[in-house]
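Engineer: Sequence:
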Amino acid sequence: MKIKVSLCVMLVVLGLSGCVVAPAPVAHRPYYAEPVIVAPPPPRVEYYGAPPVVGQVWIGGFWNWTGNRHEWVPGHWDAPRPGYNWTPHRWEQRGDRWQLQGGRWEENRERHEHRDHERERRDWR
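Residues -22 to -1, 1 to 103, numbered by mature numbering (1 follows the signal peptide of the UniProt record, and there is no 0), are exactly what the sequence shown covers, in order.
Hints are supplied without guarantee of correctness; some may be wrong.
[What the hints assert, rightly or not] Estimated spans, in silico, between C-beta atoms of each pair: (1) 32 with -19: 56 to 64 Å; (2) 46 with 80: 15 to 23 Å; (3) 73 with 28: 36 to 44 Å; (4) 12 with 61: 30 to 38 Å; (5) 72 with 20: 15 to 23 Å; (6) 38 with 73: 21 to 29 Å; (7) 52 with 11: 17 to 25 Å; (8) 73 with 32: 42 to 50 Å; (9) 28 with 72: 33 to 41 Å; (10) 65 with 44: 18 to 26 Å; (11) 58 with 80: 16 to 24 Å.
To be clear, the hints were calculated from the coordinates, so they are not data collected in a lab. The model shown is predicted, which means the values in this text are computed figures rather than measured ones. Even glycine gets a Cβ: it sits at the ideal position worked out from N, Cα and C.
Turn these sequences into a full structure, and let the hints guide you.
Structural biologist: This is the structure in structure tokens:
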């Protein structure tokens, strides 16, 4: 009898060990490259608190077009890139249509201009 009970308990434990409850991964949809007729809603206000790691920068959320409607993509924390500034996503109106310009890291122009100026100063010596 003890063997039957032990065997049943082991089978239940083995059966349940394969059941893992985990949140589904967030699938970020690609940016919609084609212009759309529907204007994006106003940006949402996001409360983001302190960064999880000191020095990280907040990348704000934006409205993405999913093919039939606008869908909010929430912001997130990201590691800064030395010498670069984050340019956020934005919607540009072109006639009666709207087109999403994706966010990106752009080289810090002030730093670049300073570097060119220093190079010019060295060339004159």
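Engineer: Could you say whether the range 30 to 38 Å given as a hint is met by the Cβ separation of residue 12 and residue 61?
Structural biologist: Given a distance of about 33 Å, which is inside 30 to 38 Å, the answer is holds.
Engineer: Between residue 52 and residue 11, does the beta-carbon spacing fit 17 to 25 Å?
Structural biologist: 21 Å, holds
Engineer: Can you let me know if the beta-carbon spacing of residue 38 and residue 73 is within 21 to 29 Å?
Structural biologist: 27 Å, holds
Engineer: Is it true that residue 58 and residue 80 lie within 16 to 24 Å of each other by Cβ?
Structural biologist: Because 19 Å falls inside the window, the suggested range holds.
Engineer: Mind checking the hinted window 18 to 26 Å against the Cβ distance between residue 65 and residue 44?
Structural biologist: Once the Cβ atoms are compared, 23 Å apart, the range 18 to 26 Å for residue 44 and residue 65 holds.
Engineer: Looking only at beta-carbon atoms, does the pair residue 28, residue 72 fall within the given range of 33 to 41 Å?
Structural biologist: This hint holds: roughly 39 Å between Cβ atoms.
Engineer: Would you say the C-beta atoms of residue 72 and residue 20 sit inside 15 to 23 Å of each other?
Structural biologist: 19 Å, holds
Engineer: Between residue 73 and residue 28, is the Cβ distance one that fits in 36 to 44 Å?
Structural biologist: Once the Cβ atoms are compared, 43 Å apart, the range 36 to 44 Å for residue 28 and residue 73 holds.
Engineer: Lying within 42 to 50 Å: is that true of the beta-carbon distance residue 73 to residue 32?
Structural biologist: 45 Å, holds
Engineer: May I ask you to test the hint 15 to 23 Å on the CB atoms belonging to residue 46 and residue 80?
Structural biologist: 20 Å, holds
Engineer: Go ahead and decide if the range 56 to 64 Å is satisfied by the Cβ distance of residue 32 to residue -19.
Structural biologist: The hinted range 56 to 64 Å holds for residue 32 and residue -19, with Cβ atoms some 58 Å apart.
The structure fails none of the hints (numbered hints given earlier).
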